[in-house]
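Heads up: the protein sequence lines correspond to chains A and B, in order.
Per numbering that gives the first Met the number 0, the first sequence starts with residue 0, numbered consecutively.
Per numbering that gives the first Met the number 0, the second sequence starts with residue 0, numbered consecutively.
Calculated directly from the structure, the hints in this document are not laboratory data.
Keep in mind that this is a model prediction, so the values were computed, not measured.
Treat the hints loosely; a few may be bogus.
[What the hints assert, rightly or not] Straight-line Cα separation of at most 30 Å, DSSO-like style, residue types lysine-lysine; simulated pairs:
hint: 1; chain 1: B; residue 1: 64; chain 2: A; residue 2: 133
hint: 2; chain 1: A; residue 1: 133; chain 2: A; residue 2: 2
hint: 3; chain 1: A; residue 1: 133; chain 2: B; residue 2: 121
hint: 4; chain 1: A; residue 1: 133; chain 2: B; residue 2: 272
hint: 5; chain 1: B; residue 1: 51; chain 2: A; residue 2: 133
hint: 6; chain 1: B; residue 1: 40; chain 2: A; residue 2: 133
hint: 7; chain 1: A; residue 1: 133; chain 2: B; residue 2: 165
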Amino acid sequence: MWKYFEPEEALWYQWRLHGSHAYLRKNGDEWRMSFFPVEFQELRPESGGPLPCDPPESAPIEFAVTHGTRVALRPRLSELPYLIMARNDIRILPGADARFNVALPPMIRFEIEHGPSLGETMPFILSRTWFGDKTGGSLCLSMPTALDPRCRGEKEEENPLNTWDTETFRSLVHCEINVRNESKVAVNLERLAIFTDLINIYERDGILTTDLVVVNSLADGGLKMSVEENRQRGGGTLVTASRVGSSELLVRRGVNFLRTITGL
Amino acid sequence: MDIQEMFAELRTSLSSLVPAGLSGKIMGMAAAVLLILLSFKIVQVVVGRALKGHVPDQRGNLIRKLIRYAGFTFAVITIFKQLGIDLSALLGAAGIAGIALGFAAQTSVSNVISGLFLISEKPFQLEDVIQVGDITGIVQSIDLLSIKLQTFDNRYVRIPNETIIKTNVVNITRFPIRRLDVKLMVDYAVDLEFVMTVLEDIARKNIWVLDNPEPLIVMDKFESSGVEILFGLWFEKSNFLQLKNSIMMDVMKRFRLEGINIPFPQMDVHLAKPTRSSGS
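One chain only, chain B, in its complex shape (with noise of 0.2 Å):
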């Protein structure tokens, strides 16, 4: 059966069911409304494609789904054209029901706005490592409404694009190398100068930790146990467990092989001896 013969089946039936002239109608409208979306999808596969390796993911996902309801859009307008509703009534109904409903939409639409800002500032990109808050997470998808997160023991995590806004956001693989600080402490009685050699040493030998940029050893503080060292570390962005984890034992072996004590709170009490006359 061809499609001459199939739209003709279908006039049939449907003259049977409607009128003669509404009918017509009907197939016309269908026919139109069918163009349309076929249009609107082929523009969005072809810029879709265009876009693809120019623009960033999230920004082509956008434009699609805007040529989407665009094209949505354009076959509701000629649904109502065909029928012969007025649209200038139409609207100014939408417009009165707009406020209505624009008091109760009033969370989506900022969500949608915040969205909108959120695209275009870029401050972070699909498959970058986020913190927001105290939830950190694989940025899986950033939408109009919201952006959805994959954390590290794998929950999904639906955040609204206006909490961004309002929040600070860390981007935390945004640059290439990172800096893992590592806070230790050293007894009183230790050498600081002999302690900076052995941590340089640590570090050099660490194939986790980069040798350019340096390693940053700073004497930090005087505490009530020892002296606080900053130890900070670069590492490219993907080694960080490895770095974490390796650099920790790192300094435990080697500063027990040195001798380098490791202080912790302690409380020395002494017991005063009780005297004769106390006892008595």
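Just chain A, same shape as in the assembly (with noise of 0.2 Å):
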């Protein structure tokens, strides 16, 4: 689904992300897109492509002019941090850790073989929200789902349309968080914000993975974000996270909003 392939000329493709589609045509250097993005409520089990399709209708189409014959459609994780609430308050008393599934919905965009991307649009419909205070803070997207802990040995509800089912939603990139207290007071996570610049995204029998995001509450009360790299868990990466000075600004980032989010 995510791999290079060579186009027939003017033929459209489709790509099908759980209810959003993609389109593609090329006719020599010229390319065609359309996209059609839904809520994120409205999820649906399926996902594939690249298949010949019939042309998309009534659909708002975007023109791309640049030479390439391989193209592929990949996934990225948008630069606005995904902000998830709790399903209930989540008490993580000192020394102790949880551990969370999350499916992030990723920004998709066509990219030619060693050549520029043609265009990007995020492929589900998801309302903003804002980290920190009214007079600072970051504006993020607001996940519709909820943060549940992960609990060892404790399936999980057999829900069709939960998206932390790896196999069922392929399209949406499972991230895995440790929130670890290493302070001596309890924190209380309501809400978990997920800033991006640091993830790889890896692909694993077309499923997408990241790196392990570690959030450590120290002992001065302060919170640090970081990821653990772990590229053989998802064998090939598929995107590389641009860390160029922002593991720092992540860091601070995470301590001045994290830190009232949490209630430390």
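With the hints in hand, could you dock these two chains into one complex?
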């Protein structure tokens, strides 16, 4: 689904992304694209492509002109952080840690092999939310799903629309988060913002995964957010994070804003 | 031709016009003034570069201007000294002239002082959207005498600093998020709890409305035609127009769909039937 292929001339191709669709047609150096976004709440357990199809009806079409033969639909995490609420207040006691699985909707873009991006969009409609106080903070994508801690040995509810199901929702980026409490006071986790600056995306058997995101609640009352890179778990690296200078920024932002969010 | 030859030629031409001693004096004075102005220009550039990114743009501009004016002042003093003019006498005369000028330039001086206050207080910065009286626009420059705004209908407005200090200034874009307050009126026959649920849903479905801070819904007051509701929606400051247009349409469509009536002021006129006696 995410691999480069050589499209036939003047033929439309379609990708299905859980209800959202992306279309592409090549004609010499001219590329036509079309995207149909859907509400994230209306996810359907279907994904696949590229498949030859009829031209998209009454859809806005984008044009790009560049030389290239092989193209792919590639996922990438949004530059806006993802904010997700906890279903119930989660209390992490000193020295303990909690693990969470989150399925993040990626941005998608058509990329020419060893070449530029032709066009990009968010295939799912998500509302925005604010992470911080009214005088400063970050604009985030609001995830309509809820955060539940992953308990060892406990089976998750058998819900066909459970977005954590990696097999069903292959077009979402499955991210594992570990919140550790290294401080001497309990941490109440109400919501969590995931900053994407450091996160790589891997593909294994068509499933998109990321590095392990670690949020440490430190003894000095601060919070530190980092990623534990783990290439072997994901197979091929699909998207490499832009790391230049972002690590410190990420930690600082984490300290400033996560502290208020988690109620420390 | 090298510089030495050029100076020699200039000296020759000057000496033919003015006495020999004076031409040397003029040459020395010109070189000194040139050197002073050049030095101050270098200082201005170096300081400007050093300040870039560390202090706000308008403060950097002001410091650069002060350095330039200091250069000019120093150059003028040098010229006077070279010409043998006694500055103390001149300053004394300037003191008397200053009183006269002070009365004449009262407004300008007031603007300059107000400008200094504005720069130190920083109620707004370049590119902020501010409202002064009934003028709203983007701040283009903050100078010693006035600020300049570009209004949204593309007019260029100069507002004296003294006016800014004396009036209320609203900085619309100071904070990253804002609240749009929409006032709605619903019929007395409508279930208000149902209206509240509908409004929450409208806010949730509009992509420009932020989920956090949560929308504010206040049953404001009982009016003659219906109940007034305050519908406050938080948004990222750059999305004002998108939200304003979309939310009005969302409310209209949804209220129509749900059968919620938006009342308008109306008057029922009851005509009394004419009686037989009055008709005859």
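To see whether the hints hold, each was checked on the structure:
1. Among the hinted pairs, residue 64 of chain B with residue 133 of chain A is inconsistent with the structure: their alpha-carbon atoms are about 36 Å apart, more than 30 Å.
2. Taking the CA atoms of residue 133 of chain A and residue 2 of chain A, the gap is about 43 Å. The hint is violated against a cut of 30 Å.
3. Only pairs whose Cα atoms come within 30 Å are accepted, and residue 133 of chain A paired with residue 121 of chain B is accepted, the gap being roughly 20 Å.
4. Of the pairs offered as hints, the one joining residue 133 of chain A and residue 272 of chain B is violated, with about 62 Å between alpha carbons and a cut-off of 30 Å exceeded.
5. For the hint pairing residue 51 of chain B with residue 133 of chain A, the CA-to-CA distance comes to about 28 Å; that is within 30 Å, so the pair holds.
6. The suggested pairing of residue 40 of chain B with residue 133 of chain A is violated, with an alpha-carbon distance near 43 Å, which exceeds 30 Å.
7. About 28 Å separates the Cα atoms of residue 133 of chain A and residue 165 of chain B, which keeps this hinted pair within 30 Å; it holds.
Figure legend: structure checked against the earlier numbered hints; hints not met, in rising order: 1, 2, 4 and 6.
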